[in-house]
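So for the sequence shown, the working numbering puts the first residue at 1; every next one is plus one.
In short, the hints are calculated from the structure, not lab data. Hints are supplied without guarantee of correctness; some may be wrong.
[As the list claims (entries may be wrong)] Now the in silico label distances, taken between C-beta atoms and shown as ranges: (1) S5 <-> P112: 30 to 38 Å; (2) P112 <-> L61: 31 to 39 Å; (3) A48 <-> Q69: 20 to 28 Å; (4) L51 <-> Q114: 30 to 38 Å.
[As the list claims (entries may be wrong)] For lysine to any residue, the following SDA-like pairs were computed, each having C-alpha atoms within a straight-line distance of at most 20 Å: (5) K7 <-> A68; (6) K7 <-> E113; (7) K7 <-> A83; (8) K7 <-> G26; (9) K7 <-> L95; (10) K7 <-> L82; (11) K7 <-> L98; (12) K7 <-> F93; (13) K7 <-> L101; (14) K7 <-> F50.
No residue lacks a Cβ here, since even glycine has one placed at the ideal position from N, Cα and C.
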Amino acid sequence: MPARSFKAWRGRRPFWGGVLVTLAGGEILLTMKAPLPVILHIGMQGMAGFLVPLILLLCGLLLLFNPAQRVFYSVLAVLLTLATWVTSNLGGFLLGLLLGLIGSTLAFGWLPEQPSRRRLFGRSRRAASPR
């Protein structure tokens, strides 16, 4: 029963988009603290390097727990992800940048009340097969 309720909860929000944006924010924050001798710090060194990925992480969590405002959070996540290119080690060495862009576009494209693809695909298969 808990798996069924989680699946229902997941279906009512842009789940994968929120997860990817959250992972992007976390990955970019971790690369800021990486103990590597060759860490690139391009642009603003101060608070922006930590503030931008922190807000990106918050946007990912808000996409998961407040899906009604998904358009605002996903557009903000795209802008913040692009800002990490300059402020946070080339967007977390490109991995965080790609995760953030893919996740925010998935969240932007998610539609509430969209029927399940499996149900649609199953119906079309039954209608196409002759009896």
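Verification of the hints:
no.: 1; hint: S5 <-> P112: 30 to 38 Å; in the structure: 18 Å, violated
no.: 2; hint: P112 <-> L61: 31 to 39 Å; in the structure: 19 Å, violated
no.: 3; hint: A48 <-> Q69: 20 to 28 Å; in the structure: 24 Å, holds
no.: 4; hint: L51 <-> Q114: 30 to 38 Å; in the structure: 34 Å, holds
no.: 5; hint: K7 <-> A68; in the structure: 18 Å, holds
no.: 6; hint: K7 <-> E113; in the structure: 15 Å, holds
no.: 7; hint: K7 <-> A83; in the structure: 33 Å, violated
no.: 8; hint: K7 <-> G26; in the structure: 24 Å, violated
no.: 9; hint: K7 <-> L95; in the structure: 28 Å, violated
no.: 10; hint: K7 <-> L82; in the structure: 32 Å, violated
no.: 11; hint: K7 <-> L98; in the structure: 26 Å, violated
no.: 12; hint: K7 <-> F93; in the structure: 33 Å, violated
no.: 13; hint: K7 <-> L101; in the structure: 25 Å, violated
no.: 14; hint: K7 <-> F50; in the structure: 34 Å, violated
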